[in-house]
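These protein sequence lines are chains A and B, in that order. In terms of numbering that gives the first Met the number 0, the first sequence is residues 0 to 281. In terms of numbering that gives the first Met the number 0, the second sequence is residues 0 to 291.
Honestly, the hints are just simulated from the structure, not real lab data. Treat the hints loosely; a few may be bogus.
Quick look at which bits of chain B chain A covers, simulated, 3 or more residues with Cβ under 8 Å [stated by the list, open to error]:
1. 105 to 119
2. 131 to 144
3. 149 to 157
4. 160 to 169
For every residue, glycine included, the Cβ atom is placed at its ideal position computed from N, Cα and C.
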Amino acid sequence: MRKNYNFAFLDEGSKREIRRAILKGVAIPGYQVPFASREMPIGRGWGTGGLQLTLSCIGPDDVLKVIDQGSDASVNAVSIRGLVHETTGVDTTTRTQDATLIQSRHRIPERPLTRDQLLVLQVPTPEPLRTYEPRETVTRRLHAEAEYTGAYLELFEQIVRYGTTTTGADHPVMVGGRYVMAPSPIPRYDNARLNMADNLTLLGAGREKKIYAVPPYTRVESLAFDDYPFVTEEFEGACCHVCGATGVYLTQTVDPVTGEQVWQCSDTDYCAQRVSGEQGEE
Amino acid sequence: MDSKSAPVPVEHVFRDDAPVLKVTGLSKRFGAGCSYCADPEAKLERNICPVCGTVHAVRNVSLEVHPGEILGIVGESGSGKSTLMQCLYFDQDPTEGTMNVAAYDGGVANCFTVSRQQQRFIRDRIFGMVYQNPYLGLRMNFSSLSNIAEKQIAAGGRNVHRMVERGEELLGRVKIPLRRKQDPPRAFSGGMQQRVQIAKALSNEPPVLFLDEVTTGLDLSVQARVLDLILQLRRDLGVSMVVVSHDLGVIRLLADRTVVMLDGRVIEHGLTDQIMQDPQHAYTQELVYSLL
Chain A
0 MRKNYNFAFL DEGSKREIRR AILKGVAIPG YQVPFASREM PIGRGWGTGG
50 LQLTLSCIGP DDVLKVIDQG SDASVNAVSI RGLVHETTGV DTTTRTQDAT
100 LIQSRHRIPE RPLTRDQLLV LQVPTPEPLR TYEPRETVTR RLHAEAEYTG
150 AYLELFEQIV RYGTTTTGAD HPVMVGGRYV MAPSPIPRYD NARLNMADNL
200 TLLGAGREKK IYAVPPYTRV ESLAFDDYPF VTEEFEGACC HVCGATGVYL
250 TQTVDPVTGE QVWQCSDTDY CAQRVSGEQG EE
Chain B
0 MDSKSAPVPV EHVFRDDAPV LKVTGLSKRF GAGCSYCADP EAKLERNICP
50 VCGTVHAVRN VSLEVHPGEI LGIVGESGSG KSTLMQCLYF DQDPTEGTMN
100 VAAYDGGVAN CFTVSRQQQR FIRDRIFGMV YQNPYLGLRM NFSSLSNIAE
150 KQIAAGGRNV HRMVERGEEL LGRVKIPLRR KQDPPRAFSG GMQQRVQIAK
200 ALSNEPPVLF LDEVTTGLDL SVQARVLDLI LQLRRDLGVS MVVVSHDLGV
250 IRLLADRTVV MLDGRVIEHG LTDQIMQDPQ HAYTQELVYS LL
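Could you build the full structure based on these sequences and the hints that come with them?
Given below as structure tokens:
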């Protein structure tokens with residue numbers, strides 16, 4: 000490895016600052032900790048928050064996996080994996096169970112993570128109250144006072160207009176009974192998997208300069224009304240056309256041979272392992 | 000001595016001695032103040048201290064509102080009416096003063112010094128506010144139903160059906176056709192916006208309602224309808240209200256008692272009829288005579 004950069008690209012001072020923000024975030028689950036987002040070799044909004052978390056946490060013994068919407072092979076995932084590998088020399092993998100550090104955009108891997116694994120999520124808009132209140136000074140005060148009328152009002156408005164909540168992803172959650180948090184644009188299916196998880200989840204927003212965290216074994220509840228409970232996406236009668244899996248998060252695609260619309264596992268690694276027989280039926 | 004010939008001291012005492020809202024010595028200063036204007040009797044240039052330039056928007060105002068009573072506040076523009084209202088509704092922090100609310104802590108706590116959360120609690124459950132400018136009181140991009148539900152959600156409402164029902168009931172009460180319940184107030188006329196605000200303020204059946212220039216800028220027939228609604232609310236629900244207006248006609252129609260403000264202080268108060276018939280202060284006289 001050429002030594003043109005410090006280990007993991009960032010200088011040690013920056014890493015220390017980011018780690019401090021992480022520690023504060025872990026200490027106050029769901030609280031958005033401001034940090035001085037560094038200029039990165041990828042554009043803001045392309046995962047700089049997650050990348051800075053990854054680079055600050057990674058050590059020479061780590062094994063890295065990067066996914067984008069469940070896929071290891073998308074351009075963004077490949078470039079970030081390449082960048083981290085080139086500046087640290089750590090091993091990379093696509094296998095969820097072999098990774099110690101997983102950076103992800105918009106998905107949590109299908110296979111449940113263990114306490115030895117760290118999940119880093121990239122966040123475009125960390126503020127769940129932003130559409131309700133555009134001023135940062137005000138939203139900070141609302142969080143301080145645990146005043147979450149705005150988050151519920153958004154959902155109420157959707158129900159009044161469309162008869163159901165219409166959050167496709169990024170459905171707001173209450174963390175540890177205290178802070179309402181944007182879980183990053185993960186599908187509603189993944190919200191439940193943040194609850195009482197064995198692993199630590201770190202969330203980073205590079206453009207918005209915020210870091211927050213969900214520590215292991217923290218209660219994470221999706222916001223809902225008494226008579227409109229939270230529901231996840233439905234894949235009634237659908238199964239993956241590659242591995243036949245049901246009960247997982249599926250995406251719709253077009254079969255290249257027949258031209259039909261088919262469903263496929265969103266988590267490509269999970270799908271591949273099922274095909275090769277490594278992942279048992281669940 | 001013949002006791003009949005001795006003058007009997009007359010003192011006005013309220014029958015119910017528990018006001019729903021009691022404000023004592025409320026002041027709001029913009030500026031640091033100095034030793035000259037610290038004296039409540041100090042002479043100011045209107046409401047500005049001639050020595051340090053501090054603006055005394057509200058000076059040492061005390062008032063009481065009793066159950067089912069409508070208290071009017073009149074005064075010219077810049078006399079501190081709206082600042083006073085915003086202090087009462089916790090939109091601004093007063094510099095000095097105390098406020099006791101009967102429905103909160105038995106009227107013991109000074110609501111200006113309790114925590115922000117508690118102030119929110121009072122705002123959401125005990126007070127209702129209708130602002131002069133609907134843009135301050137409504138979320139223009141959310142539907143009317145959501146606007147009305149916002150206060151209920153803030154007060155802990157988590158049942159959509161019940162909140163929608165209540166919203167529709169209130170929209171009916173303020174005479175907004177239900178087919179427009181999903182429309183945002185942005186798409187409404189000024190009079191309708193004002194009525195949505197009233198519906199929102201009423202959603203939790205608050206015992207105290209603040210109305211800041213509710214009829215200003217509305218045409219006469221809409222004005223009459225809004226005033227009618229306010230009187231109906233008082234009659235049906237026994238809501239106590241503080242009504243701010245510079246329109247003496249509105250005050251005469253609504254208020255039982257009236258307070259006249261000038262340059263941040265109360266210069267005269269009494270029964271509305273008494274103030275209209277027999278104004279004592281030179282400014283009130285000018286105000287009343289200019290009406291005729």
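Please count how many residues of the segment 160 to 169 of chain B have a CB within 8 Å of a CB from chain A and say whether that reaches 3.
Three-residue rule met by the segment 160 to 169 of chain B, so holds; n is 3.
Are 3 or more residues of the segment 149 to 157 of chain B near chain A, judged by a Cβ distance of less than 8 Å?
holds (count 4)
8 Å C-beta criterion, at least three residues: is the segment 105 to 119 of chain B covered by chain A:
Coverage by chain A holds for the segment 105 to 119 of chain B (3 residues, Cβ < 8 Å).
Check whether three or more residues of the segment 131 to 144 of chain B sit with their beta carbon closer than 8 Å to a beta carbon of chain A.
Holds, because 4 residues of the segment 131 to 144 of chain B bring their Cβ atoms closer than 8 Å to Cβ atoms of chain A.
Comparing the model with each earlier hint shows no violations; every hint is respected.
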